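Q: In case you want the letters, here they are:
2 protein chains.
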Amino acid sequence: MTARDNHWKHLFAPDSVALIGASNTRGSWGYGIMRHLLASAKRKIYPVNPTASEVLGIPAYESVVNIPDEVDLAVIAVSAPKVPQVMQQCVQKGVKAAVVVSGGFAETGEQGGKLESELVKIAREGGIRFIGPNTMGHADTSSQLCTLAWVGEITPGPVALISQSGNMGHRILHNGMSLGIGFSKFVSAGNEADLHLEDYLEYLAQDEKTRVITAYIEGLREGRRFLQLARETTVNKPIVAIKSGGTKESARAVRSHTATLAGSDAVYEAAFRQAGVIRVDDDDDLCDVVTALLYQPLPRTSRIGILTIGGGLGVVAAEAVEREGLEVAHLTPATIEKLDACLPPRWSHGNPVDMAGLSMVEYPKIFSSLWALIEDENVDAILLQAPVGLGTRQLSGMFNREEIRAFQGREKSNLSLLRQRIREFGKPVLLVKPAVEFASDPEVSSLFRREGLPVYSTPRRASRVLNHLAWYRRYLDATRKNC
Amino acid sequence: MTARDNHWKHLFAPDSVALIGASNTRGSWGYGIMRHLLASAKRKIYPVNPTASEVLGIPAYESVVNIPDEVDLAVIAVSAPKVPQVMQQCVQKGVKAAVVVSGGFAETGEQGGKLESELVKIAREGGIRFIGPNTMGHADTSSQLCTLAWVGEITPGPVALISQSGNMGHRILHNGMSLGIGFSKFVSAGNEADLHLEDYLEYLAQDEKTRVITAYIEGLREGRRFLQLARETTVNKPIVAIKSGGTKESARAVRSHTATLAGSDAVYEAAFRQAGVIRVDDDDDLCDVVTALLYQPLPRTSRIGILTIGGGLGVVAAEAVEREGLEVAHLTPATIEKLDACLPPRWSHGNPVDMAGLSMVEYPKIFSSLWALIEDENVDAILLQAPVGLGTRQLSGMFNREEIRAFQGREKSNLSLLRQRIREFGKPVLLVKPAVEFASDPEVSSLFRREGLPVYSTPRRASRVLNHLAWYRRYLDATRKNC
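Protein chains in written order, with our numbering: chain A, 3 to 485; chain B, 3 to 485.
Hints are supplied without guarantee of correctness; some may be wrong.
What the hints assert, rightly or not - Residues on chain B that point at chain A, a partial pick, calculated with CB under 7 Å:
#1 Glu112
#2 Ser167
#3 His332
#4 Thr334
#5 Leu360
#6 Ser361
#7 Leu449
#8 Arg462
What the hints assert, rightly or not - Computed list of lysine-lysine pairs in DSSO-like fashion (alpha-carbon distance at most 30 Å, straight line):
#9 Lys95/A with Lys116/A
#10 Lys367/A with Lys116/B
#11 Lys340/A with Lys211/B
#12 Lys211/A with Lys250/A
#13 Lys116/A with Lys340/B
#14 Lys250/A with Lys46/B
#15 Lys46/B with Lys211/B
#16 Lys116/B with Lys84/B
#17 Lys367/B with Lys84/A
#18 Lys11/B with Lys46/B
#19 Lys239/B with Lys483/B
#20 Lys250/A with Lys44/A
#21 Lys46/B with Lys95/B
#22 Lys95/A with Lys123/A
#23 Lys414/B with Lys340/B
#24 Lys84/B with Lys340/A
#25 Lys116/B with Lys340/A
#26 Lys367/B with Lys116/A
#27 Lys414/B with Lys367/B
#28 Lys211/B with Lys250/B
#29 Lys95/B with Lys123/B
#30 Lys250/A with Lys483/B
#31 Lys84/A with Lys340/B
#32 Lys11/B with Lys367/A
#33 Lys116/A with Lys250/A
#34 Lys414/A with Lys367/A
#35 Lys367/A with Lys250/B
#36 Lys11/B with Lys123/B
#37 Lys483/B with Lys414/B
Hints in this document: simulated from the structure, not taken from any laboratory.
Note that the coordinates shown come from a computational prediction; the quantities given were computed from them, not determined experimentally.
Where is the CB? At the ideal position from N, CA and C, for every residue including glycine.
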C-alpha cells in the first residue's frame with residue numbers, strides 16, 4: 003500500500019474514532035452507531051455532542067477539535083446543514099478519514115447538491131477522504147470496526163460487499179448470514195461524493211481477507227474504470243453483482259435515491275459479461291451464487307446429472323435445468339449398469355435418476371448412486387434432491403437410539419466422502435432439499451455447512467446457480483486462452 | 003352425497019382400516035404407515051402380515067379375510083406382483099375402498115401395465131374404488147386419517163392438495179406449513195388407475211373444510227372434465243396449480259414417472275387461463291400465492307403503491323413491479339400532502355415512497371404513511387418493505403424493557419388496524435421483509451400470522467403474487483359479467 007492509499011487503513015482499521023452526533027437518545031442514529039463502535043475494545047472511541055457531558059457512559063466532547071488525542075476516523079451523523087462546518091473542524095483537528103452518515107445532500111435536489119459540493123471542497127482541501135454522504139456506514143469484521151446503526155453482529159468470512167443502498171446491503175448481510183455466509187468488509191457507498199464504488203472495488207481486489215466481492219449497483223460514476231478493474235479482478239476473484247434500475251420507474255427512483263443515472267440495462271448487461279461480472283437478479287440469487295462459489299468447483303460444461311428420491315422431483319428438476327438453458331446429461335452405459343446394480347428394478351433407467359420410492363433403510367443407496375453419477379464422464383454437475391444428512395428429528399420415531407447413531411455415523415462419513423469426491427472430480431454437487439423440514443432443522447443445516455454443501459430451496463434456484471457457475475467457467479476459460 | 007359417492011366417506015373418514023403389508027421393520031413403508039395410522043384413536047386399525055403375530059403391539063392377521071370386523075378402507079403396501087391377489091381378498095372381505103401404495107405398475111413399462119389392468123379389473127368387479135397404485139398415500143386432518151409413511155404431523159387448515167407426485171406433495175405440505183398454511187386434505191394421486199385427479203377435484207370442490215384447492219399436475223387423463231370442473235369451481239374457490247413437464251426431457255421423465263403424457267405446455271397454459279386456474283411455477287410460488295389468497299383481498303387493478311424504509315429497496319421493488327407487468331401507481335396530490343405532513347422533508351416525494359432513513363424512534367411514521375397510501379384512489383395494492391412488527395430481539399439493546407413494551411404495544415394495535423383497513427378498502431398489503439432477521443424471528447412471524455399478514459422474502463416474489471391476484475380478479479370480474 004502506498005502512502006497515497008493510507009486512507010484505507012484509517013477507514014477500515016483506525017486506532018481512534020470520533021462520532022460526531024453521538025447521542026443518548028435510544029433508537030436514534032447517534033445511539034445505534036455509538037453502540038456498535040463500543041462493541042470492540044480495539045480502539046479509542048470519542049463521542050462528540052455539544053449538549054451532553056457523556057454518551058453511553060463515555061465522556062463527550064463539545065467539538066472534534068477538543069479531543070485531546072489523535073483522531074484517525076470521524077463518523078459524522080448530524081443534520082445536513084451542519085456537516086460542512088463539522089468537516090471543517092475535522093480538517094482543523096487533522097482527522098484522516100470520515101464517514102458521512104447524514105442524508106439531505108445531492109439526493110434531495112439542487113440545494114442539497116450545493117451543500118454536497120461545499121462538503122467535497124472542504125474535505126479535498128483538507129486531505130480527508132470520505133464515505134458518503136447519505137451512507138448507512140461500513141464495517142470490517144477483521145479489525146472489528148462497525149459504523150452501522152441498525153445491524154446485529156456480522157459473521158466474519160471471506161465475502162466483501164459494496165452496496166449503493168444501505169438497506170439492500172443490510173438485506174444481503176442478513177440473508178447471507180442466515181445461509182452461513184461470513185463477511186470481510188461492508189461499505190454502504192451512499193452518494194459517493196468523494197470515494198466511489200470503483201475505489202472500494204480496487205481496494206477489495208487487493209484485500210487478502212476477501213475471496214468473493216459482491217455489489218449492489220444502481221449506477222456507476224466511472225463506468226470504464228469499473229470495467230477495467232472488474233476485468234483484472236474476476237480472473238482471480240469472482241464479482242457477483244445486482245444491477246437495478248433497469249425499468250422506467252425504477253430508473254426514476256434511482257435518481258432520487260443516490261443521485262446517479264441508472265443507465266441502459268442492455269449496456270450494463272453487455273459490459274458485465276465482457277468483464278466477467280456475474281450478474282444476479284436479487285439478493286436471494288446473490289446469496290445462492292455466493293454459497294456455491296465459496297464451496298464448489300466450477301462445472302466444465304453444462305451437462306447436469308439429476309438424482310432424486312421420487313419421479314416428480316425429477317420431472318421438476320429436469321424442467322428447471324432445461325428452462326435455465328442447461329442440458330440434462332445422457333448417462334453412459336457404464337453408469338446405467340452401476341445404477342442397475344444398486345437400485346431397485348423400478349428405477350427410471352435414465353437421467354433424471356429417480357430412485358423410485360426408497361424406504362429409509364435403503365437410504366445408503368443414495369450415496370452409491372451419487373458415486374456412479376459423479377464418475378460419469380458425461381456429467382459436469384449434479385443436482386441432488388434426496389434426504390441425505392437426516393437429523394435426529396426426522397429419524398426418531400422411525401428408529402431407536404442406537405440405530406439412529408449408526409445411521410447418522412454412516413451419513414456423516416458419506417457426506418465427508420462426497421466433499422472429497424467433489425474436489426477430486428471437480429464437479430459441483432448442489433443439494434435441493436426434498437422437503438423443507440430437512441434443511442430447516444438446525445442440526446441438519448449445520449452439518450451441511452460443516453461439509454461445505456450449500457442447500458437450495460428449489461431446483462429452479464439451484465439450476466440458476468449452475469447456469470451462473472457454468473457461464474463464469476466459460477468466461478475464465480476463454481480469457482485464459484487469450485492471455 | 004349420493005350412495006354412489008359413499009366411497010369418499012370410506013376413503014377419507016373410515017371407521018376401520020386394514021394395513022396389508024404392516025411391518026415391524028423400522029424405516030420400512032409398512033412401519034411408517036402403521037405409525038401414522040395409529041396416531042389417531044378415531045378408528046380401528048388392523049395390521050395384516052402373514053409372518054408376524056403382532057405389529058407395533060397390535061395383533062396382526064394373516065390375511066385381510068381373517069379380520070373379524072368390517073373393514074372400510076384397505077391400505078395395500080406389498081410388492082406389486084402380490085397386489086392383485088390382495089385386492090381379490092379385499093373384495094372377498096367386502097372392503098369398501100383402498101389405497102394402493104405399492105409401486106411397479108404402469109410406470110415401469112408394459113409388464114407393469116398388464117398388472118395394473120388386472121388390478122383395476124378386480125377392483126371394478128368387486129366395487130372397490132382406490133387411490134394409486136404408486137401413491138405415497140393420503141391424509142385428512144379433520145378425520146385425523148393419515149396413510150402416509152414419511153410425513154410429520156400435518157397442520158389442519160383450509161387448503162387441500164392433490165399431487166401427481168408424492169414427493170412434490172410432501173414439499174408443498176412442508177413448505178406451506180413452514181409459512182403457517184394449514185391443510186384440510188392431501189392426496190398423492192399415484193398412477194390414477196381408478197380414481198383420477200378429476201375425481202378428487204370434484205370431491206374437494208364440494209368439501210366444506212376446503213377454501214383453496216392446490217395441485218401438482220404432470221398430465222391430465224380427463225382434460226375436458228378437468229376444465230369443466232375447474233370453471234365451475236374457481237368462481238367460488240381458487241385453484242392454484244403447478245403444471246410440470248413443459249420441456250423435452252421433463253416430458254420424457256413424466257412418462258416414466260406416472261405413466262401419463264405431459265402434453266403441450268401452451269395448450270395447458272391457455273386452458274388453465276380459460277378455466278380460472280392460477281398457474282404457478284413451483285412450490286415456492288404456490289405457497290406464496292396461497293398465503294395471499296387466504297388472508298388478502300384481490301386488487302381491483304394492478305396499480306401498486308410501494309412504501310419502503312430506504313431508497314434502494316424502493317428501486318428494487320419498482321423494478322420487480324414493472325418486470326411483473328404491474329404498474330407503479332401515480333399518487334394523488336392529496337396523498338403527497340399527507341406524506342409531506344408526516345415524513346422528514348428528504349422523503350422521495352413520489353411512488354416508490356422512500357421514507358429516507360427513519361430512525362427507530364420515528365417508526366410510527368411508517369403506519370401514518372401506510373394509511374395515506376391505502377386511502378389513495380390511485381392505489382390498488384401495497385408492497386410494504388419496512389420494519390413493522392419488530393421483535394424483542396431487534397429492539398433490545400436499543401431500548402429498555404419499558405420502552406420495548408410500549409413500542410410493541412403500539413405496533414400491535416397498528417397491525418390490527420392495518421388488518422381492518424385492508425378489509426375496509428379491499429386492498430391487499432403484502433409485506434416484504436426489509437432484512438431477513440426480522441421475519442426469521444419466531445416472535446415476529448407468529449405476530450404476522452396472527453394478524454393474517456403474509457411476509458415475502460423479496461419484492462420479486464411479492465410482485466409475482468400480486469400479478470396472480472390481479473389476474474384472478476380480472477378473470478372473476480369477466481366471468482361474473484358474462485353470467
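Q: Each of the hints needs a verdict: does it hold here or not?
A: Checked hints:
| no. | hint | in the structure |
| --- | --- | --- |
| 1 | Glu112 | violated, 14 Å |
| 2 | Ser167 | holds, 2 Å |
| 3 | His332 | violated, 10 Å |
| 4 | Thr334 | violated, 17 Å |
| 5 | Leu360 | violated, 10 Å |
| 6 | Ser361 | holds, 5 Å |
| 7 | Leu449 | violated, 18 Å |
| 8 | Arg462 | holds, 6 Å |
| 9 | Lys95/A with Lys116/A | holds, 24 Å |
| 10 | Lys367/A with Lys116/B | holds, 29 Å |
| 11 | Lys340/A with Lys211/B | violated, 48 Å |
| 12 | Lys211/A with Lys250/A | violated, 38 Å |
| 13 | Lys116/A with Lys340/B | holds, 28 Å |
| 14 | Lys250/A with Lys46/B | violated, 64 Å |
| 15 | Lys46/B with Lys211/B | holds, 24 Å |
| 16 | Lys116/B with Lys84/B | holds, 13 Å |
| 17 | Lys367/B with Lys84/A | holds, 25 Å |
| 18 | Lys11/B with Lys46/B | holds, 15 Å |
| 19 | Lys239/B with Lys483/B | holds, 18 Å |
| 20 | Lys250/A with Lys44/A | violated, 47 Å |
| 21 | Lys46/B with Lys95/B | holds, 16 Å |
| 22 | Lys95/A with Lys123/A | holds, 17 Å |
| 23 | Lys414/B with Lys340/B | holds, 23 Å |
| 24 | Lys84/B with Lys340/A | holds, 28 Å |
| 25 | Lys116/B with Lys340/A | holds, 28 Å |
| 26 | Lys367/B with Lys116/A | holds, 29 Å |
| 27 | Lys414/B with Lys367/B | holds, 15 Å |
| 28 | Lys211/B with Lys250/B | violated, 38 Å |
| 29 | Lys95/B with Lys123/B | holds, 17 Å |
| 30 | Lys250/A with Lys483/B | violated, 34 Å |
| 31 | Lys84/A with Lys340/B | holds, 28 Å |
| 32 | Lys11/B with Lys367/A | violated, 39 Å |
| 33 | Lys116/A with Lys250/A | holds, 27 Å |
| 34 | Lys414/A with Lys367/A | holds, 15 Å |
| 35 | Lys367/A with Lys250/B | holds, 28 Å |
| 36 | Lys11/B with Lys123/B | holds, 22 Å |
| 37 | Lys483/B with Lys414/B | violated, 40 Å |
Against the hints set out earlier in the document, violations occur for numbers 1, 3, 4, 5, 7, 11, 12, 14, 20, 28, 30, 32 and 37.
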